[in-house]
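Top line first, the protein sequences correspond to chains A and B.
First residue of the first sequence: 271, per our numbering; consecutive thereafter.
First residue of the second sequence: 271, per our numbering; consecutive thereafter.
By construction, these hints were calculated from the structure, which means they are not laboratory data.
We treat Cβ as the ideally placed atom computed from N, Cα and C, and that holds for glycine.
Hints are supplied without guarantee of correctness; some may be wrong.
As the list claims (entries may be wrong) - Partial chain A-side listing against chain B, Cβ under 10 Å, derived:
(1) GLY286
(2) GLY341
(3) VAL374
(4) GLY466
(5) PRO474
(6) ALA538
(7) LEU642
Chain by chain, the residues run as shown.
There are 2 protein chains.
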Amino acid sequence: MTSASQINPAERILMGPGPSSVPHRVLRAMSAPTLGHLDPQYLAIMDETCEMLRQIFRTKNALTFPVSGTGMAGMECIATNLLEPGDEAIVGVNGVFGTRMKDVMERCGAKVHAMEQTWGESFTLTQISGALEANPKAKVLGIVHAETSTGALQSLEGVGELCKKKGVLLVVDAVTSLGGHELRVDDWGIDAIYSGTQKCLSCPPGLSPVSFGPKALEVMDARKTKVQSWYLDVSMLRKYYTGGGGGGRVYHHTAPINMTYALREALAAVLEEGLDARIERHRVLHLRLRAGLEKLGLRYVPSKSLHTLNCIHAPEGKDEALIRHRLLEEYGIEIGAGLGPMAGKALRIGLMGHSASVRNVDLVLAALAELLK
Amino acid sequence: MTSASQINPAERILMGPGPSSVPHRVLRAMSAPTLGHLDPQYLAIMDETCEMLRQIFRTKNALTFPVSGTGMAGMECIATNLLEPGDEAIVGVNGVFGTRMKDVMERCGAKVHAMEQTWGESFTLTQISGALEANPKAKVLGIVHAETSTGALQSLEGVGELCKKKGVLLVVDAVTSLGGHELRVDDWGIDAIYSGTQKCLSCPPGLSPVSFGPKALEVMDARKTKVQSWYLDVSMLRKYYTGGGGGGRVYHHTAPINMTYALREALAAVLEEGLDARIERHRVLHLRLRAGLEKLGLRYVPSKSLHTLNCIHAPEGKDEALIRHRLLEEYGIEIGAGLGPMAGKALRIGLMGHSASVRNVDLVLAALAELLK
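Please model the entire structure based on the sequences and the hints provided.
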């Protein structure tokens, strides 16, 4: 496939749990000439990127920027900055990413109370309220909006109010929902949120958009200990990204310049389509795919499925690995395997961003019909 | 400069402390179609990238890979994995990056002994030996090969032997030397090393190549505590990058796919030129620039200058910020300001990778001659 000096990756249709297919305009923007990270032109591009992120997160939070790492770096950025050793937190655990959030927060020295739910199910307001009552010392409640491992959608309406009443910060994983599902950071009272670029934004992986609200800022300003990660320390990052803290912009680390170009272009594409129209497109195409899959006798794992990721039980009596292999080799379509305890038992079909099209839905259904014969 | 949907960054000549100018072939490779991070084609590209990194680090270390973040993420990856709370370390502090390494290691809970030297000077073997004698509990000695803030080159020959005698791990910052200066990881007994892509490799920023030797692996395998960073935890990363630890490749986080394409192409360019020839090019062009700068009456800050970064005292009686501004605006040339305590007092002219050419050296000298009239 490759020679010493050139790569020629196949033109896959990416319908796994991410990355999604990247539009040509984004790849083209990414290959624009590299600027220095303190060049006024670059700072202007970054400012525009942050402003577009605010629109897509539906927030006025000044501290909204892309962390220089993939989605998990965003999770770690929020955990390390909000938590100090000895703090307590509650994390909703109903899949791989809730499990990871608990692990990440524990590594910050926090005592983490797991709020558990069957994988594939979501949390009710009653259950969340109960967890808040049971853990009165909790500083943070962490919850996954779109659990990529099970395909379950978590409703967030009302959660912010419950947290606010208890003085608890609401932290949300929106890696697989930003730009594909309804998400209202300010209206829903979310205090800190992270996402990835390679899912519903259809930008290559490499950045993790985050946003911190005023209460999160207060908590960070009141820290007694240094953030354990220098790379992710928001007290320094904010001086670079927003000039916040006085004294104007201060160099921290070298930002991933060309990735920022790509993200800016991907966000421009989202805003040109219109956020509402884009969310509706994901809904309609999910219903189209769902109808087709059910017609093939395939069943969904979660009770309340994401539009952006369709997690189905592996077809009985068939080799799920072979199905994925043949989709990749014969059709150039990537779909995902089950993750964690669901390895070998599930298939995950992503409908994210640029990959979410009538063309792709009908193709993957035709291909599956052929392979399941 | 920008419209809502398109960026058109200026074609700068990047002669600051990094990023350096990126060759078109690297930008083109970066914009190849995005693959999934578990696609066999992508894994092959990553394997090739790691193999080329081994050649350029001059190491046989199996655990050699690009961390998914910029250079400082590599520093943090090594510190968090090698150190546990209560450990002791020695760090050479003679500039901004040594100061940072001390900070990063302290955030890991280590007690860090600063081995200090005047900024612009380097450490002698006698001084290093003395620091090792004085701190018998040290587990790690950290030192910066190419101190980007002062332009000083640190000789590393013999340092590994001193560390080995004391059973201390040698950790090296090679952000501004990899691919531009002589660097022999195995021959010099370096146990762990990190670099960046955007300096002498002339790839956009976004990845941090690291390499861990056998003794570093032993120390990591013997850890009593979890690595405080999930994102940078080598015990998990190695399962993805090398399939190490048994059980084949395991998904950890979504790697920055297109950045890996770019790095692979940048490394191919290094190997096509030949590592020795490239290092010699940096040396020759440094001498050419140095002769020209001294003819203009400009003086170097460090006693022993890097070839890749030329740190000079700001010209007396001139506004150094205006010189940088005019170079950028009138010539499209970026050079760097002084960093930290040297802000306003120094200029930093990078000659790294693709930016290190006769054309650029003679141009920047001509431009400076004009601006210093």
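Results of checking the hints against the structure:
The beta carbon of GLY286 (chain A) is positioned within 10 Å of a beta carbon in chain B (closest approach about 6 Å), and the interface hint is therefore held. Here the hint on GLY341 (chain A) is kept, as its CB sits about 7 Å from the closest CB of chain B, short of 10 Å. Look at VAL374 (chain A): its Cβ gets to within about 5 Å of chain B, closer than 10 Å, so that hint holds up. Annotation: interface hint on GLY466 (chain A) holds; nearest CB of chain B at approximately 7 Å, less than 10 Å.
The interface hint given for PRO474 (chain A) is met, as the beta carbon of that residue sits about 4 Å from the closest beta carbon of chain B, less than 10 Å. Given hint, ALA538 (chain A) at the interface with chain B, holds; its Cβ is 5 Å from that chain's nearest Cβ, closer than 10 Å. About 22 Å separates the beta-carbon of LEU642 (chain A) from the nearest beta-carbon of chain B, more than 10 Å, and the hint is not met.
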